[in-house]
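Those sequence lines, one after another, are chains A and B.
Using the working numbering, the first residue of the first sequence is number 11, and each one after it goes up by one.
Using the working numbering, the first residue of the second sequence is number 11, and each one after it goes up by one.
Simulated from the structure, these hints should not be mistaken for lab results.
Careful, some of the hints might be misleading.
[Unchecked claim] A few chain B residues facing chain A, derived, Cβ under 8 Å:
id : residue
1  : 44
2  : 166
3  : 170
[As the list claims (entries may be wrong)] Distance windows between CB atoms, simulated:
id : chain 1 : residue 1 : chain 2 : residue 2 : range
4  : B       : 26        : A       : 126       : 39 to 49 Å
5  : B       : 21        : A       : 75        : 31 to 41 Å
6  : A       : 126       : B       : 126       : 23 to 33 Å
7  : A       : 40        : B       : 145       : 53 to 63 Å
8  : A       : 88        : B       : 38        : 46 to 56 Å
9  : B       : 145       : A       : 176       : 28 to 38 Å
10 : A       : 176       : B       : 71        : 52 to 62 Å
11 : A       : 40        : B       : 136       : 25 to 35 Å
12 : B       : 67        : A       : 122       : 32 to 42 Å
13 : A       : 46        : B       : 151       : 44 to 54 Å
14 : B       : 126       : A       : 102       : 20 to 30 Å
Idealized CB from N, CA, C, for every residue including glycine.
2 protein chains.
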Amino acid sequence: MATVKRPGGRTARNRDAVLAAARALLEQGREVTLQVLAAESGVHLSTLYRNWSAEEDIIREAALAASDSNLPLPDTGRLSTDLTRFLLKLRDYVRSPLGRALLSIPLSATANRADYWAGRLRRAAILFERAARRGEIRDNTEWSSVVVAAISPIYFHEMVVGTSMTNQQIRRHVDLIIVACRPVARDS
Amino acid sequence: MATVKRPGGRTARNRDAVLAAARALLEQGREVTLQVLAAESGVHLSTLYRNWSAEEDIIREAALAASDSNLPLPDTGRLSTDLTRFLLKLRDYVRSPLGRALLSIPLSATANRADYWAGRLRRAAILFERAARRGEIRDNTEWSSVVVAAISPIYFHEMVVGTSMTNQQIRRHVDLIIVACRPVARDS
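Bound-form chain A, shown alone:
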């Protein structure tokens, strides 16, 4: 039972193994506990305790890593197509076991959730920045409020109303957002 110094790559491999195990459990709809994670990942329970204070931290990291890989930013050369594809994927992610798991983590358990979201919003803003460069929409120095307006109905339907947005509802919402961003001569 003597502990042995392990080479540097060990920590990263442990981390990857634990996050992969967490993701697999979530996708199967199984409960994620530190004990089960240790068994499934082959990482010692003591190592888990040392690196994460709670299951929630691991679930959040796993869901975060998966959200980046599940949600590529489309680049079709047209904002309405890009945004429609992005929101369809976002809806599917949010209602997946992994997405639901992330949203069901109590807000109190995720201290840096605001930072996480700031990063997510900046990333989605790329769709709008590209469209502005193409002249499709007005330029804007502050895209986060537009991105929030674009993605919020997905979460509202899923978390508050208890339904998923239909494809038609998503397309109608994209039209609304595009009109809101259109370059128009404003009377000043």
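Use these hints to put chain B onto chain A, whose structure you have.
Just chain B, lined up with the frame of chain A:
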């Protein structure tokens, strides 16, 4: 302990007493259980069991009744002012103990949540219908998607990001919604 037939108004009075007790408990941030509700409202526990299957039903009814009274529809004659006032009030309601209690009820426990929301959306659409009649915005046969776009960021910030929208964020969002609804000559 013999039960006695009570006059007809008794049922309604019991209901009001229970909902008022539930609302008071929620506003004080106290836990709502059928036992506590019976004690606070003076209504027999057996009556509570007969009329509601779970605390969640009572919490939902209480929050629903309060949301209608807490959120009057402004009528200032200008959509941007109406919508800003409405969203400021909505934000304050959603982050109140009563609003949080309603949102924390598991979706599975609220079978008719979709109906409830359809009613809420129809009510908020009145703000837009009035503005369309004044010629401020385009006419629309289907306001629910506009209303969803208008209110969703409030819930997204509160439930997902874990922050409340600032007044400035609300004003910026109202501007976006108004632009999206503006009457403009479209190239057809």
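Evaluation of the provided hints:
Restraint check, residue 44 (chain B) versus chain A: the minimum CB separation of about 24 Å is more than 8 Å; hint violated. With a least beta-carbon distance of about 4 Å to chain A, the hint placing residue 166 (chain B) at the interface is held under the 8 Å criterion. For residue 170 (chain B), the interface hint holds, since its Cβ comes within 8 Å of a Cβ in chain A; the closest pair sits about 5 Å apart. Between residue 26 (chain B) and residue 126 (chain A) the beta carbons are some 44 Å apart, a value that agrees with the proposed interval 39 to 49 Å.
A beta carbon spacing of about 54 Å between residue 21 (chain B) and residue 75 (chain A) contradicts the range 31 to 41 Å that was offered as a hint. A beta carbon spacing of about 31 Å between residue 126 (chain A) and residue 126 (chain B) agrees with the range 23 to 33 Å that was offered as a hint. The hint said 53 to 63 Å for the Cβ distance between residue 40 (chain A) and residue 145 (chain B), and at roughly 57 Å that hint holds. Taking 46 to 56 Å as the suggested C-beta distance range, the pair residue 88 (chain A) and residue 38 (chain B) conforms, at roughly 53 Å.
For residue 145 (chain B) and residue 176 (chain A), the hinted distance range of 28 to 38 Å is satisfied, since their beta carbons lie about 31 Å from each other. In this structure the hint that residue 176 (chain A) and residue 71 (chain B) lie 52 to 62 Å apart at CB is violated, the actual value being about 29 Å. Distance hint check for residue 40 (chain A) and residue 136 (chain B): the Cβ-Cβ separation is about 46 Å, which falls outside the suggested range of 25 to 35 Å. At roughly 36 Å, the beta carbons of residue 67 (chain B) and residue 122 (chain A) sit within the given window of 32 to 42 Å.
In this structure, residue 46 (chain A) and residue 151 (chain B) meet the distance hint of 44 to 54 Å, their C-beta atoms being roughly 52 Å apart. Our hint of 20 to 30 Å for residue 126 (chain B) and residue 102 (chain A) holds, since their Cβ atoms are close to 25 Å apart.
In summary, the structure is inconsistent with hints 1, 5, 10, 11 from the numbered list given earlier, while agreeing with the others.
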